[in-house]
Each structure stands twice: as C-alpha cells, then as structure tokens.
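Once you have looked at the hints, place chains B and C on chain A.
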Amino acid sequence: MTVSPTAPSALHEDRLLPSQPQERAIAREIFAATSGLPIVSMHGHVDAGMLASNSPFPNPAELLVIPDHYLVRMLVSQGVPHDSLGVPRKDGGAVETDPREVWRAFASRWKLYRGTPTRIWMEHVLESVLGVTSALSAATSDEIYDAIAERLAQPEFRPLALLDSLDIEILATTDAAGDSLEHHAALASDGYGDRVVPTFRPDAVVNLDRPDWRASVDAMAERSGIDIVDYASYIAAIESRRRAFVAAGTRATDHGHLYADTEPLDPAEAERVFQAALKGEVTGASARKFAGHMLTEMARMSCEDGMVMQLHPGVLRDYDPRVFAERGPDVGYDIPIPIDHARALQPLLTRYGHDPRLTLVLFTVDEDVFGRELAPLAGVFPAVRLGAPWWFLDTPEAMRRFRETVTDTAGFYNTSGFVDDTRAFLSIPARHDISRRVDAGHLAKLVAEHRLSLDEATETAIDLAYEIPRAVYPPLSS
Amino acid sequence: MTVSPTAPSALHEDRLLPSQPQERAIAREIFAATSGLPIVSMHGHVDAGMLASNSPFPNPAELLVIPDHYLVRMLVSQGVPHDSLGVPRKDGGAVETDPREVWRAFASRWKLYRGTPTRIWMEHVLESVLGVTSALSAATSDEIYDAIAERLAQPEFRPLALLDSLDIEILATTDAAGDSLEHHAALASDGYGDRVVPTFRPDAVVNLDRPDWRASVDAMAERSGIDIVDYASYIAAIESRRRAFVAAGTRATDHGHLYADTEPLDPAEAERVFQAALKGEVTGASARKFAGHMLTEMARMSCEDGMVMQLHPGVLRDYDPRVFAERGPDVGYDIPIPIDHARALQPLLTRYGHDPRLTLVLFTVDEDVFGRELAPLAGVFPAVRLGAPWWFLDTPEAMRRFRETVTDTAGFYNTSGFVDDTRAFLSIPARHDISRRVDAGHLAKLVAEHRLSLDEATETAIDLAYEIPRAVYPPLSS
Amino acid sequence: MTVSPTAPSALHEDRLLPSQPQERAIAREIFAATSGLPIVSMHGHVDAGMLASNSPFPNPAELLVIPDHYLVRMLVSQGVPHDSLGVPRKDGGAVETDPREVWRAFASRWKLYRGTPTRIWMEHVLESVLGVTSALSAATSDEIYDAIAERLAQPEFRPLALLDSLDIEILATTDAAGDSLEHHAALASDGYGDRVVPTFRPDAVVNLDRPDWRASVDAMAERSGIDIVDYASYIAAIESRRRAFVAAGTRATDHGHLYADTEPLDPAEAERVFQAALKGEVTGASARKFAGHMLTEMARMSCEDGMVMQLHPGVLRDYDPRVFAERGPDVGYDIPIPIDHARALQPLLTRYGHDPRLTLVLFTVDEDVFGRELAPLAGVFPAVRLGAPWWFLDTPEAMRRFRETVTDTAGFYNTSGFVDDTRAFLSIPARHDISRRVDAGHLAKLVAEHRLSLDEATETAIDLAYEIPRAVYPPLSS
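Residue numbers (my numbering), protein chains in the order written: chain A, 1 to 478; chain B, 1 to 478; chain C, 1 to 478.
Rather than coming from a laboratory, the hints here were simulated on the basis of the structure.
Careful, some of the hints might be misleading.
Since the list gives no way to pick out one identical chain from another, each pair is judged satisfied if it fits inside one copy or across any two copies.
Straight-line distance between alpha carbons at most 20 Å, and here's what the computed DMTMM-like set of lysine to aspartate or glutamate pairs gives [unchecked claim]: (1) 289 <-> 209; (2) 111 <-> 467; (3) 111 <-> 263; (4) 90 <-> 334; (5) 111 <-> 404; (6) 90 <-> 127.
Pulled out of the complex, with its shape left as it was, chain A reads as follows (with noise of 0.2 Å):
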C-alpha cells in the first residue's frame, strides 16, 4: 500500500481506514464484510410525510445546507446570520430566499468543515449519492448547485427510489405522541408498512413545563379519544397512543429528557403535580421531579407492550433564549451539560433491569459517562444497552473513542451496534459507512496486537453493523 498524499480525499476506496499498512491491510478485509450489508435505521429523524408524499426535493439548499443544524451552526459561528441561510423566521420576518445564495454561502466557506463529520457526510452525499465529484468553493457553487437539482428533478431521486438504491431495510421515524399516523398509514397502504416505521416520542407530553405542553396533551386527548381530567386518564391516554404506535409498526420510544432521574412519585403525589399542570401553576422543580416520575412509567409500559426504550439525556436544549424566540428549536443550540447518570438511573434499573421483557438502549453525548457509569451499567443489567455515540459524538473520533473505552467493560455484545440518528435523508448511508469503516479499523488493531483472529473480527463487524441492531429493536407482534 502507498499513501499518495497529493490524492483528492473525497471517497477514497481507504477513507477512514487506519493509515499504518499492516492495520489497513486487515481492516479493508473486514470492511469488505460489511459494506455492501443493508441499512438498518431505528433511530432517525426523517420526516415521514416527505416519504409517504414521494414528491422531488425541492432544491440543494432547502434538501442540504437549511434544515442541517451541524452545517448551519458552523456558518453561524463564524458570523453568518441565520436570514442570509434561509433559516426561517418565527415571525415570517425577512430572510433569503433564493436557494442559490444559500447554497454558495455554504459552498464558499467549504475551508470551514475541514476535519468534521460534516464534510465527510457532504462528500459522500455529493459524490456517492449525487454523483457529483467537483470540490465545493464559491466558484464551483453554482455548477454543483445546478448539477445537484437536476438530479432531484429525476424519478430515481424521489424518496422512495432513494430508499431502495440506498439500500435501507427499515428506516424509523420520530412522532409525536399525538401525532396521526397519517403519513405511516399512507405508506403502509403503499407496501411500506414493514419499511419505514415510527418511533414514539412522548417528550412534549412529559415535560409539564414545555410551553407545547398542553397543545401536546389536547392532541394526545383528541386522537386517543380520552378526556384527560387528571393522572389516570393521562396514563389511559399514553397507554392508548402507544397501542397505536404498536399497531403501526413501532419497535421503540425515544426519550429526550434533560436528567436522567428516575425517580417514582408516589400516586397522589402524580395527581398533585399532574393537576398543577393542568392549571398551568407547575414549578420547574415539580416539573424534573414529574418528567423523573414518567420515564420509569414508560420503562414499565415497555415491559407490558414490548417497545424498545431509548433514552439520552443530558442535552441543555434552546441555550439562546432569544434565537429560540426568533427560529424556534432544533437550530444548533442544544449543548451537553453533565448530568449524574448512576444514581438518577437506579430508581428504574433496581424495578426493571433485570426484566426480560426490557431493553433500555442508553445515549449520552458525554464521552466521561459511557465508560464511567454507562458500560458498568450495561455491564451487568440485562435490559440496558449502550447507544451509538450520538449527536456531537457521531465522528470517526469519537466512535473509535467509544469502542476503546467502553468493549472493556461493556464488550460489543451489550452496545446497541450502530444507530444513526439524523433528519438528513441523503446522508444516512454516509453514517453507517463511516461507523463500519471506524468499527474496522478498530477491530483490525485488536487483530494486529493478536488479541482477536481475523474471523472473529469479521464477525464482530457484522453483527455491530447488522445482526445487534436487527436483535436489539426486534418487529412486535401487534
């Protein structure tokens, strides 16, 4: 092997791999094993009214560079304002408009994602995806812009061919408690039923004190049908949407709480804080000590209805009071706080870690807490598994960083093999390709210092990129 050092490094065969040529040599047979397997992607943040619609993607900026908070938070940070990036305005104030100028302020600041995972996704969307091959700078914007939305008006680059040439076995989506479904039974009447599947997400409807929290709760009444008075008749509620959720086709809930407590509150001390909420008097106190309350709740309601549960904590979300204001969530300005994981956890692990019935899949994007609580943890309870790294954490680096801190203890057999989680559609295949690419480097240095045979490690790689996921978020029977 020789390393060309002047070669363009978009998607070279050897991308990622290890550089030293006795590891490379070893991992490129490992990778070999797994890059053509399929995707599967239980953890993701597609929208599922752009699957069931199947209509063209609009344009590159409004597929690639708005809605992408890692690539939008760069430019921000560097002094671009939000209205030159097309971010829409809550108020329906002014911001651009044409996707070209979106596009070549993306484009022409290019030098700004070099060594993040944001170039490497964009590269590999660009090239593999797209078929484009040309560098990105301010004077290749316009052709590439021009290539790229000529692509999207093809058939074969609609959502649902995509999900084919894409190869993605199953896709989950992200929905609201209240959420109708709709789009999910659209699909499922198309053949998708089995394909794209949703994920049920309660956050808004178990933390009092979102400002969304009585329109979720309104929601959640109205599409289940119960009159939500009080405690119980919320707990009939969730019970009944998660029946839905069952119905189609859901294998997991998704929790995005701020602490990772666990605490129950005992019955009429539920109905207190839950009745205070209705009136609209909760305390934030109340309000952490309820959302506790709740996530023990839904590990119960997993024993009983067999959903997945997965849960990360730890995120300080809308930081910027006043962007939040202005944009709304989701921008690029949620920032990872330390929170305690080992006790807040205990509460829930003590009643239902040892349930057969449960699987905890636990994210953080504190790299001190997985090997400090997390892989202790999911090394000796049988319901927890440790999530991918996750978010800020989703980098060649830090996944390497995460199997060499946590397979001490952990192993590979209790992580929950790779998720994705992303609401870029087009990137997802640049994810699962940069985790089995990191996950053969590092397999192959444990060939390399003879601590696992190469077929072991093949092994190993397939089931992290394959079989676990496939095992960890098994189909219900409904």
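For chains B and C alone, coordinates are given in the frame of chain A:
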C-alpha cells in the same frame, strides 16, 4: 515483522505490543527487560486461608468462574441468571451445583468477552498457567474442563507451589480490622511471613452506616482486647490492631470509601457521632462526615506507624438492593459515580501531604479524575503517588490512556508502578504481563518519537514494573 | 525513514512527529511550512520590566529553575524542599542562595522529567537557544551551568536581542489593572510599542475576597485618578484603566476566575455588595456573585473598546494554605476542579455571544469540558473561540487530544490557533515548536486517512500557527 491476520490470538508473543513495526521492534526490546522480573503484588484480594491451607483448588468453575465478578457480570448482562452460574444465595436457595454446567454456561458464551480484559486474563491463565491451548466454546467446554481439573489435582498446582512457579515475590492480601490474622501466622510459621503479607482494611469499622458495622466493631474489640465504649477506646482499638498488623508484616492500609472527604471533626463532634452509632441512631450525613474524619485520622496513624495508605473512592457499592439482599456484596453491582477529589482531599493533604512519613496512593475508576485532579496533586505533594488504573480501568486501553494523561503532569515517578487488584490468584501474572506490555508500548512510542532514548525507556519500564512498587511499599521495621 | 532507537532524543529533527512512516513523511512536509513562521505570543506572562531594562539574565538557576512552577513542583513532589531550590520565603527566612546548588538539585534529578513537557521545553532551551547539547545529570551539572552562565553574559542573550533571534513577532505580557505600564512606555519609546504589548488582567480588583483586593483597588484609583467610593466610580476607574491599556497597545484582557459564572447583578445589588467589600464585610457567596457579574460587565466593555476577552476558570488557587503563607502564589499549588461551564456562561453568551464586536477566548484545564461544553458553544456562538490546551494541558498528548476532540464540533477555525502560556521567556519557541509539530502530525493523519488533501492540511497548519492568532487578536485603533 509480519502480521499474520489468521494466527490464533491467544498468547502470541507480541500480543498487546504496538502494531506499527518500528514501535513494535522497540517495544520488544523494552519488554524483554521486564517480562522476566518477579511479581510484586501489593494490592491483592486473594484469600489468605486458601494459601495457608494449601489445599488443591476444588474445580474449574469454583476456581475461575463463580468468584470472578468481571466474568459473572458479563454473563448476567446477557441474561444468564446468577442461579445458573452457581452464585450462592444468602437464603440458601437452590443454585446450579454442577460445576461442569457452570463452566459450560461460561465457555459457550466465550464470544461475549471479545475485546475485554477478561478474555486476555483467561487466555493467559488457560495457556500459560494451566497449559490449555484449545479455544473455549460449547464444543470444547467439557474437554477443557477435564484438562483443567486434571491439572488442579496435581501437587504443582497447589497454591504455595504456584506462588513459586508464578514467580510472585510478595503477595499482599486484604484483611478486616478484626481479622485474627491466623492464616498469616500459619504462613509465617511455614516460612512465608515475608512473602504473603496482610493489608489493613478498616472500611467496615469506619463506615458507621454499614450493616456490618456493629459486628465489625465487636470483632475488633475482641481481637484488640479493648472494650469499645467511646470514641477514644475505638481509636485505641484501631491503633492496637494496626500494631498487630504491622507485627504480622503488613505494609499498607486500604480504604474503599464512597467519597474522598477528609474533613476532620472536632473531638466532641466525633464523640457525639460515635455514640449515636453505638445506639444505632447514626444518620447518613453523620456517617459520611465520620468516614471523612477517619481518613485523616488514618493518615495521622500512617505517619506514626509507617503503613502506606491506599485510597480508592467513588464507587457506589451494591447498586441493586434486591441483588444485594439475595447474593451479598462483590457480585458485580458496584458502579462508579463522579465525586469531588481535589477539594475533598484538601484537609488531609494540607495536614499530611508534605509529611515525609506518609505515602498516600490514590486510585480512581473515574478516568477524568486522573488527569484533572490526581496528577496535579501527585505532581506537587510529596506524600502522594498515583495508583495504577484499577478495576474497570485495569485494561490495556485504560492503562495506555493513564500513561498518556498523567505522565505530563506527574511524570512516571509519582505513580505507584503497577499494582494489580484481583481476587483471581491464577490471573496475577496475566495482569502484570499486560501492564508490562502496555508500558513497553507506551515507552516505545516515546522512543520512536525521539522523546526518550531506548536506555532511558528500558530503565523506566523496569522501574514501573518492579523497582517503584518495591520502593513505594517498603517493609516496616515492626 | 528508519528509526534509530539509540539516537539521543534531544532535538531530533523528527521529534514529536508520528512514528508511522507514511504519516511522518506527510507531517514533515506540513511542518516544513510552519517551522519557520514568526512567533505570535498573545497570552504570555513574561515580566515587562525584564524586557524594558534589557539587563543580562542573572544566572541559570534564577532564569530557568526557581521561577518555573512546572519544574519546581516536580522536585517538590519527590521530596526536595522549596528552601533547597531557592524559592523565596515571604518571611525572609533563609533559603539556598547558591544558584549552582539549586541547579544541581535540578540537574541531578533530570530522570524525573521523562515523558513530561518540562523535559521537552528544557532540551529545546538548552540546545536550540543556549547551544548546550550535553544531557543533564549530576555529573554534567556544573559544566552545563558554566556553559549557560557564559552565554547569558553575552550581549546576544539579553532579552531584547532574544526577541529578535527567537523570531517573536509580538509578545503580550500580563498586567494588573493598577499597573503603571511604565515598562511598556519605556519599551514603546525604544520602538517596541507594537511588539511588546500589555494585557489587562483585572482579577485582583474583581475578586472581592482576595487578600490583595483593597490594595489593588487603591492602586487602580491612584492610576486612574478616580476616587473609588461606590460601584459607579469603581466601574468608571476600570473603564479608565482599560482606555489606558488600549492606548498602550493592549489587545486583550485575561480573566482567571474560580468559577465560570456570569450572571449579572441588578445595579442596587452590585452597589450593596461593593459597599460591603469596601467595609471589609463581603462574604464568599457575595464575592462569587460579584465576580460572575463582573465577567459579563467585562464582556460589555470589550464590545465597547474592542479588547479580546480571555477566560480560564476552574483552577483552585493556592491549594495549600501553609505553602501560600510561606511562599505566596504561583509556586505550583493550583489544582483544577470540575466546574459547570455551559450554564455558567449562559448569561454572558445570550447577551453578547452574537455581538460582532466581541471575541471571547475560552480556555480550560479540564479536558472533559473541551468536548462536552466548549466545542459546542464555540461551534455556534460567533463570539467564542476555543483557547489552546493550556497550563497542565500544554503538552503534546493533550494538544493531540484537543484536536481529536474539538475539531469534530468546532472545526479548526473556531479555535484561537496556538496561544502559549508561560513566564519562561526562553521557552516560548519550544512551546510553539511543539504545537506546530503536533498539529502537523494530527493533520498528517487526516491526510493519510484521506480526509484532507495535503494542500488543505498545509494551509490549515499555517493558519493555526500564525494566521488565526493574528486575526483573533488584532491591533486596536486606540
């Protein structure tokens, strides 16, 4: 050098050395200088009675599976019940009693241990100590069981014979304050007094809220012949037991606290809390304060009697109360939590941190703490040495991170050198072997990056493996 | 390339570059583009008076040993008393006065520094600056002492001559709010006004519970000519001093707080706390609140006068009160503690984090914080730049981890580029050399893994070493 990717991974002569050929060549030279050094094992948990009786080990399962919490917790995490692993119940209820079945439950799940230190330890024990070279599997389980059982029946596999054949120069055990030290007396009368030494572990008598506190205090009273009726007589009893331990060859104390608190209480407050404990009325907060107070008292006593003080805080013991009630402690349910170290240790260190009579070895299972707090403390206080990566961190990757993180600030010579931490007697050589290989690799990298000469690296490797532990834990003239 | 394991490690031309041959070849090319760049040193602690007087350095011990807290703390940690190192006592008590003896105490313990940055810095200073190529030891101590002393007597080793020969384009010092700036005035009249610039460090006047607070406020009042009788006059005096600093060429402020708190007080509360401080009645809690308030005030002032704001919280200063009483601050007893960053900085960032007039460079000595909190903040707030790994993290390994951890989320261009942090004038080139080598190695790995082209990597290396620091700390038009 060529790497043969299909070679069996077990006990390759270059295992765990860097795969990069230049570094490996250097690492081999360094490792050649340490691989044959005797083992100094100053922080072990091997049962002194086992050594004193020198009986044959019972069977492979009782020797290698049931008491090994690393191994058992992995099986439990994948749904294997404690009962089927033969882990005894406190209520005397039925558990698997056929050791061959227990061994099968383990051997058939060998795949789970890929990438874990348990795999490395077990391969070393099987091949290097027991002469078994077949790979574990369901198919080979019985054959390997029989081979091990045959070895264990031979006289050269009795404990004291192994002490010689494994080249263990000195082995410290861990002993409660109220222990009779009768096994050590027996060993001493057989000529092993300088080779198998007790360690004074007073956790059960300083943590007032432990369920076994009162019984432990009573045992200490009986052993010391001191009637413990107040704080003064309690301290006198501890000091008396420490003298007995020193007389029995003890070199160190060992303290496993939840917090690193060391704030002293004034005498009246200490008396008040102690009296409350005698009445069974101590609170959690008082117990925590008293435990902190006692750490600084223990530092004072170490200054007086010369015993090295070992502290490893930050582990929440017996995380699951139902498992604890059913199986007792040390079955894999101890989970690290983040705690304050720098401020907590300040009272002790500002009193005794410059005292030339004190050596305080600080361990942690929270890797953050090594770099952020412990290395800066060890790098300035003469009394402080950094304990080796320990327990969940007793792994090749964590050892490597330890060297890469703490050497900057503490150097090599403010560490304790390698200190193993195991109750698995046969695995002691494996643990030292791993450490010597990882240190050889780390030092080889420094040589390859032209930061150390090979001579310096080799001397440092010998110091870490042998000279520093001997110097940090010297014999005391009792 | 061949690695000769027996080559002396000092100043090998490839030192600190990756050992893997493909990566090393690339790293050499990248490093060739940065190794000759001038030094931009915007966060130093060199004494302005030393430069202004331009006197010869006194002797090797007073230049290289006694004032270097990295070096001294290592010797202290191994039992060498401060007295025998000539570290002055506040009570004027006797300490070693023979610099040759102090030098011997250091040289004879050279082994302790293996693997530490002090070793690399000292080797660079000795060989590259002072022309000494012998290795330090007890045997060579005197010979090396004499060689250094001889150099220091020569005119080309006077401070201002070294400023040229070390190719330091600009050097920032650190100066108290009440400093007269007379040395900078003298330097300016000698033509060094743009080359040696002050930095405004108001810690002593904003931390109300510092023992030197009142004296520092009095000094500021005298310098500013403003009678400080209330909060308003206090703020006016600070603003006045800031104007004087800007006029003297200052480009930045520097803030070393224990906490990162930035919550503003309302004016009445600020006045109340300030009046209590004037009466000597301030509490620790009030002082903490006031310090946090003042950070946001400083951000406001930076928006107005353009000075870059540098913040490095989280270090518990003067950990041992007896050592502090005996020797004063800055003798190696500052210990990092974990503190909250994301929430603590929220008040400041939501007020000024999008203000195009502000640049806030955030440093930390807690590596967890870089990835978990600071990179996400720098990756979205236009005002924030990540400061270089600093103090305990100013090491090859920590620099590498910094790039591997923060680049994912913040990229290269939201960092400050390399910013050294030393009071050891002669070691400034060593620190930049290390950074350039480590960055070359990191970038070479990205090239070898086909993630960047060599051209991109080389441009990035130049930006990190030179262009970014110049852009982050621009001259102000006063």
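Hints, one by one, checked against the model:
1. In this homomeric assembly, residue 289 and residue 209 come within 20 Å of each other (Cα to Cα) only inside a single copy, at 11 Å, whereas the closest approach across copies is 27 Å.
2. Only between protomers do residue 111 and residue 467 lie at most 20 Å apart by alpha-carbon distance; the minimum there is 14 Å, versus 38 Å within a single protomer.
3. Taking the shortest Cα distances, residue 111 and residue 263 never come within 20 Å of each other, neither inside one copy (47 Å) nor across copies (36 Å).
4. Taking the closest pair of Cα atoms, residue 90 and residue 334 come within 20 Å of each other only inside a single copy of the chain (18 Å); across copies the shortest separation is 48 Å, beyond that limit.
5. In this assembly of identical chains, the alpha carbons of residue 111 and residue 404 lie at most 20 Å apart only when taken from different copies (18 Å versus 30 Å within one copy).
6. With identical chains, the CA atoms of residue 90 and residue 127 are never at most 20 Å apart, being 35 Å at best within one copy and 63 Å at best between copies.
Checked against the numbered hints listed earlier, the structure breaks hints 3, 6; every other hint is satisfied.
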